[in-house]
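**Student:** Could you fit the two chains together into a complex? Lean on the hints.
Just so you know, the sequences run in chain order A and B.
Take the first sequence: its position 129, counted from the start at 1, is 129 in this note's numbering, and no numbers get skipped.
Take the second sequence: its position 104, counted from the start at 1, is 104 in this note's numbering, and no numbers get skipped.
Bear in mind the hints are in silico, worked out from the structure with no lab data behind them.
Honestly, I wouldn't trust all of these hints.
Which bits of chain B does chain A cover? Going by a derived footprint, with three or more residues having C-beta under 8 Å, they are [to be verified]: (1) 8 to 20; (2) 44 to 50; (3) 58 to 67.
Idealized CB from N, CA, C, for every residue including glycine.
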Amino acid sequence: MKPVELQIADYIPQLRRYARVLMRGDVVQADDLVQDCVERGLQRVSLWQRGTNLRAWLFTIMHNLYVNQVKRNMNGPDFVVLEDAQKDRHERADSDVAVNDIQQALNNLPSDQREIVLFVSIEGMKYQEVAKILDIPEGTVMSRLARARKQLRTSLVVEKRQTLRRVK
Amino acid sequence: MSYETPITDMDLHAYLDGQLSEARRIQVENWLKQNPDRLKELNEFQIVDRELHQLLDPIIKEPVPDHLQIRPRKHFFYRVAAAASFIFIGTIIGWQSNTMLAGSDQQQIQHHLIQPANFAHVVFSAEKKHPVEVDATQEQHLIKWLSKRLHADIKAPNLLQHGYELVGGRLLPSTNRMAAQFMYQNKAANRITLYVRRINKVDADSMFQFSNTGSVNTFYWIEGELGYALSGEMERSELLTMARSTYQQLNID
Chain A
1 MKPVELQIAD YIPQLRRYAR VLMRGDVVQA DDLVQDCVER GLQRVSLWQR
51 GTNLRAWLFT IMHNLYVNQV KRNMNGPDFV VLEDAQKDRH ERADSDVAVN
101 DIQQALNNLP SDQREIVLFV SIEGMKYQEV AKILDIPEGT VMSRLARARK
151 QLRTSLVVEK RQTLRRVK
Chain B
1 MSYETPITDM DLHAYLDGQL SEARRIQVEN WLKQNPDRLK ELNEFQIVDR
51 ELHQLLDPII KEPVPDHLQI RPRKHFFYRV AAAASFIFIG TIIGWQSNTM
101 LAGSDQQQIQ HHLIQPANFA HVVFSAEKKH PVEVDATQEQ HLIKWLSKRL
151 HADIKAPNLL QHGYELVGGR LLPSTNRMAA QFMYQNKAAN RITLYVRRIN
201 KVDADSMFQF SNTGSVNTFY WIEGELGYAL SGEMERSELL TMARSTYQQL
251 NID
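Chain B on its own, in the form it takes in the complex (with noise of 0.2 Å):
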């Protein structure tokens, strides 16, 4: 038999591929009927379909991670209300309440957040040579790297008309996750820090809560998937204010 057109392996694959037409289909399938050593070859390479299937289609059915799910957008004026009326109930309740959360959640904040952000701060703040791993000459870099890491959108806020100005930051191992560190300091070389990290659903964004540790003051909130923890070894109140400036700018933008 012959046949117009020699059959190549580029009609075998678009054979296997079921992208031949009819026609030619029915000319391959006739060949293949001549050339058994081709067609055993195909049935192997739809041996290593089968495989690749068997490798590559349990990915579909995994679940979607948080970080990569995509949410509507909330409103920007509903961010902004939200924001003045967090603000507003936070100073009022917050901060001297720790009841606001359940039990299991309280302990879940208490050693993801609020134990590796104190530690954290007693650990670099004295530091006097290598306070930050990025300083802030970086910043832009500093942020998208750390948002990268973290696979969170992370911001530094701007502390500078409480006189604090922003060192640098650095990236952290923490409980079971990773977590970034924004250190500032003031002219009298005081130093606060901002430890941010991601936190397992908590039942709602907390308000603003006080904790302290020996020296050491934190006001720390839940935002979404974030956790912070705002450090310093200074007046609450004073550490309050920033805590909400700190905020009204993760939030309003």
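The shape of chain A in the complex, shown without the other chains (with noise of 0.2 Å):
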């Protein structure tokens, strides 16, 4: 069997992918919180348990990683605000850039209906499955689905078929 580390490696592009919703589409953002899953994964390898779900493992590192990225950025600026203020430059020059529609309507969405929908639609997983990673019942997992979904169909679907009939 393969060791652990490269266990890991085979999943990079899963976290590149999951991290790239999570950040709505910014690259550099995405592939540091990568770095920092990636990091703390091989540091608690030996809390893995051998035989079971590496990828929901991972993914849930990742979650975890971001939540808590969130909530210090919550707290106010730290003193690291000169390289914030930078991302945010470059954010906003790359928000200049036309972004189509999908990636739109998902950006919109607020984050726990993101990596759901994720989850569900792209990583094809098993609802208990999401709600163990996202440490949430079952049905809330199902729920948020359902809200992300409509949202994504009426900005996807309903509102381009009304936008063509008042064209017509």
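**Tutor:** Have a look at this one:
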């Protein structure tokens, strides 16, 4: 069997995708998060139980890192202000670039809905597994998923249809 | 037709995601036949899912950037031995020769490492009020910050045994990348700077190389993905001693 470090390496593309969804498409911020996640994973690799789902374990680490990061940012700026200011400017410059509709619609969802959409629609996970990663009841996973899909459908299908009708 | 349990939104999503029991799946399918509006809605959810796949699936195929690759760690003794032989050979050959590297690599190093390192040394070592962006009292923060920005494990060597104390450091734009600069100062207010940045793949780790621009002497070397340049206005031999010490500290930990 592959050493666990190399098994973790196999999941890096999926971690990058998850991070990209969390960071609303910002590649630099997303890869920073992946780096933190992989480092944390490698440090704690002894805590992972062989035979259990490594993907879920890594996703849990990333979810927790993200949640902590958001909490930290809500506590007001610390003294990395300079870096953040640069990043903000960078982001604003990026947002001038046309983002396609689906990315925009996804970005408009709250992060807890974005990640559920990713887990279920893209990663094809069972609701139960998602509930475990996010540490919420399965019913909450389902109601958030329903809300997210409704919102995405509204922005991508319903509103477009209405625009088309108006044009006609 | 009547059903034991009414079909809910949750059932529809679970149907879409293939997470219903076989019995319930059949119930939902029958129900949908009589509720074309809801069937249409489900089809539209599927359109959304397809678009999501189109957006997010290509990320998986993107090449993983170098700094996110996981490599097997080199064994400690291997590193010690490599460092020791490196210093030995470096002392004999390295500082005389600029021909150890292929032409294009040498150009790259000149352009991305030596020139910007020299320039940054000249600019900031002359600075009286703002020689550094983050001073040595926040050394841990400085190291963490620079490591994060450069996506690399950046360390500041301790050069106290040579009479040089860390002043602090800063993040710098370099040609096409970012760089970190650490500044050290001795009692006579002489300053040396260590410039670190990522360097695209060079054929091999380089020996210590020497470069001189005006009054500034520089020893530079490549280790893995990082290029280092130690610059100062001092005797070459004294600078080499500190370059060796720096190399040792960065590689044996």
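**Student:** If you check each hint against the structure, which ones fail?
**Tutor:** none
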